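J.: Following the hints, complete the assembly by docking chain R onto the known chain B.
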Amino acid sequence: QKEVEQNSGPLSVPEGAIASLNCTYSDRVSQSFFWYRQYSGKSPELIMSIYSNGDKEDGRFTAQLNKASQYVSLLIRDSQPSDSATYLCAVTSGGTSYGKLTFGQGTILTVHP
Amino acid sequence: NAGVTQTPKFQVLKTGQSMTLQCAQDMNHNSMYWYRQDPGMGLRLIYYSASEGTTDKGEVPNGYNVSRLNKREFSLRLESAAPSQTSVYFCASSDRHPNYGYTFGSGTRLTVV
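Respectively, the protein sequence lines represent chains B and R.
If you read the first sequence in the working numbering, its first letter stands for residue 1, the second for the next number, and so on.
If you read the second sequence in the working numbering, its first letter stands for residue 114, the second for the next number, and so on.
Think of the hints as simulated: they come from the structure by calculation, not from any bench.
Here the structure is a predicted model, which means the values were calculated and not measured.
Beta carbons are placed, not taken as given, at the ideal position from N, Cα and C, and that holds for glycine.
Careful: at least some of the hints might be erroneous.
Derived pair list, reagent style SDA-like, types lysine to any residue, alpha-carbon separation capped at 20 angstroms [what the hints assert, rightly or not]:
id : chain 1 : residue 1 : chain 2 : residue 2
1  : R       : 170       : B       : 42
2  : R       : 122       : B       : 99
3  : R       : 127       : R       : 184
4  : B       : 42        : R       : 123
5  : R       : 184       : B       : 99
6  : B       : 42        : R       : 127
Computed, partial: chain R to chain B, Cβ under 7 angstroms [what the hints assert, rightly or not]:
id : residue
7  : 152
8  : 156
9  : 161
10 : 166
11 : 168
12 : 203
13 : 214
14 : 217
15 : 223
Pulled out of the complex, with its shape left as it was, chain B reads as follows (with noise of 0.2 angstroms):
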């Protein structure tokens, strides 16, 4: 089983549709969660983090953590072209909040007109 695992995609949506991308990870101690946006040939980009368990908004994002479950998605409310990109979750380990990240595979969300 890989540390953290993304749903299978590439994913598509219509342009104004909520984008729904899921998480699982395995460590049960990982205490801090990332989504990260990463435009094709460019590096990633940090756009949330969420440490307890609910929602957290920012803009059009909403970051959902389940430490029960082992789950965090990340939802896209309003979808645009501009959101079309691979999104990559990353979860710490050993217990720590911060440092060495474990990373999923990435699920490609592309947001079409």
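T.: Frame of chain B, contents of chain R only:
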């Protein structure tokens, strides 16, 4: 501009050649990391340095060596390049505050022929 600078951006090597990838950050971060990214594999940790003077192996260290030259610089060396090391390499840095995640460099596209 503040950030993580990687050099070179592109490199083609012949099998058996050696090279060093350079990385420098100017954000006074304690921790630095080297990842490789292959299609469908996400980002995999090669080596990391939690603080100046320390280095540790990550998930895929074979065939690589690193040097934390000072707090700013963290280099990755391929002693005898192999075609399996064809990849995109990213350097990243972070501090202990969890909210900020990683800052990534722009990447090095390495092809070994």
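J.: A separate judgement is required for each hint: does it hold in the structure or not?
T.: Verification of the supplied hints:
For the given pair, residue 170 of chain R sits about 25 angstroms from residue 42 of chain B by alpha-carbon distance, which is inconsistent with the 20 angstroms threshold. Of the pairs offered as hints, the one joining residue 122 of chain R and residue 99 of chain B is violated, with about 26 angstroms between alpha carbons and a cut-off of 20 angstroms exceeded. Annotation: proposed proximity of residue 127 of chain R to residue 184 of chain R is violated, straight-line Cα distance about 32 angstroms (limit 20 angstroms). Our distance criterion of 20 angstroms between C-alpha atoms is met by residue 42 of chain B and residue 123 of chain R, whose separation comes to about 13 angstroms.
Under the criterion of a C-alpha separation no larger than 20 angstroms, the hint pairing residue 184 of chain R with residue 99 of chain B is consistent with the structure, at around 16 angstroms. Using a Cα cut-off of 20 angstroms, the hinted pair residue 42 of chain B and residue 127 of chain R is violated, with the two alpha carbons roughly 25 angstroms apart. A distance limit of 7 angstroms between C-beta atoms decides the matter here; for residue 152 of chain R the minimum to chain B is near 10 angstroms, and the interface restraint is violated. At a threshold of 7 angstroms, the smallest CB-CB gap from residue 156 of chain R to chain B is about 4 angstroms, leaving the interface hint in force.
Hint on residue 161 of chain R holds. Least Cβ distance to chain B is approximately 5 angstroms, under the 7 angstroms limit. Annotation: interface hint on residue 166 of chain R violated; nearest CB of chain B at approximately 16 angstroms, more than 7 angstroms. Using the Cβ-Cβ criterion of 7 angstroms, the hint placing residue 168 of chain R at the interface with chain B is not satisfied: the shortest such distance is roughly 12 angstroms. Residue-level restraint check for residue 203 of chain R holds (minimum Cβ-Cβ distance to chain B is 6 angstroms; threshold 7 angstroms).
Among the interface hints, the one on residue 214 of chain R holds; its C-beta lies about 4 angstroms from the nearest C-beta in chain B, closer than the 7 angstroms criterion. Annotation: residue 217 of chain R was flagged as interfacial toward chain B, and the flag holds, the nearest CB pair being 4 angstroms apart, inside 7 angstroms. The beta carbon of residue 223 of chain R comes no nearer than 15 angstroms to any beta carbon in chain B, farther than 7 angstroms, and the hint placing it at the interface is violated.
When held up to the earlier numbered hints, the structure conflicts with 1, 2, 3, 6, 7, 10, 11, 15 and fits the remainder.
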